[in-house]
Amino acid sequence: MDFKKEMRILCSWIAHFGDLLLRLLWHLVHVIISLFYFTLGIANALESYLISWGVLKRYRSLHVNKLRYLAIVVESEEAYETSKIIALLQWLADIGVKHVCLYDMEGILKKSKDFILAKVDGAVLYGETHENNKLLDQTHMTLEFASFCDGKEAVAKAANVLFMKYVKSGATDQNQKGHIFTESQMTEALKTIGSGGPEPDLLLVYGPARCHLGFPAWRIRYTEIVHMGPLKSMKYGSLIKAIHKFTRVQQNYGK
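First residue of the sequence shown? That's 78 in our numbering, and the numbers climb one at a time after it.
Read the hints as simulated data drawn from the structure, not as lab findings.
There may be inaccurate statements among the hints.
[What the hints assert, rightly or not] What follows is a list of derived Cβ distance ranges for each label pair:
1. Trp168 <-> Phe115: 21 to 31 Å
2. Asp191 <-> Leu99: 50 to 60 Å
3. Lys190 <-> Arg287: 43 to 53 Å
4. Pro285 <-> Phe192: 57 to 67 Å
A virtual CB, placed ideally from N, CA and C, is assigned to each residue, including glycine.
Starting from the given sequences, assemble the full structure and let the hints guide the process.
Okay, here's the thing in structure tokens:
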């Protein structure tokens, strides 16, 4: 009996020691990861400031002409920071970016479009005075405002256009059941209703989430997506770096 009792005590101590060891190991890994990201954050912040001050020569010249259309995706809670949005647009104007799409899921930016357009010198609203095929001939900054509802509405309208077109073609009920619409047909339908819009070359996401937050998927088939962190922590140097990296990448696909 004493032997069994001693074995139970020993097993209990081993289990307790193992649990303690695992906890210590978990905390150690957590500290290492935290230190890594802390160091990485400091390095990125330092690099951003060096870029802003013009110390790093390779970032002094940008081939902005390669960036024909830029999309800015902002988390809806941060979209209320209108002053930050205006500052970001002014940075882009100084860099030489001419065509920008501002997007947030709830349409906060769209509600503030008149105020934003008034604050950004020379900015005009996309779609009011210019057509898609004249996009590259603009001299002032063109702003497009989009939200998640626009995407849902556009898909519904495009589906209706395709359905009516298919019905008018005189297809039989049997053929209709087996018919599948192609991506090119959907794209054409979206253009028909005026919701196609240019495909952004680069999409910058400002917010905690590392995703495009519902930006219309049919417009980002070949788009490079970069997570920029919270809008409140935006940095001019980080913006320059993202655009510079995009313009240096060789694009082997066609549009």
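Between the beta carbons of Lys190 and Arg287, is the distance compatible with 43 to 53 Å? violated (27 Å)
Is 21 to 31 Å a correct range for the gap between the Cβ atoms of Trp168 and Phe115? About 27 Å separates the Cβ atoms of Trp168 and Phe115, which means 21 to 31 Å holds.
Does the Cβ pair Asp191, Leu99 satisfy 50 to 60 Å? The hint (50 to 60 Å, Cβ to Cβ) holds, given that Asp191 and Leu99 are roughly 58 Å apart.
Does the hinted range 57 to 67 Å hold for Pro285 and Phe192 at CB? Since Pro285 and Phe192 have Cβ atoms about 25 Å apart, the given range 57 to 67 Å is violated.
In terms of the numbered hints stated before, the structure departs from hints 3 and 4, listed from lowest to highest.
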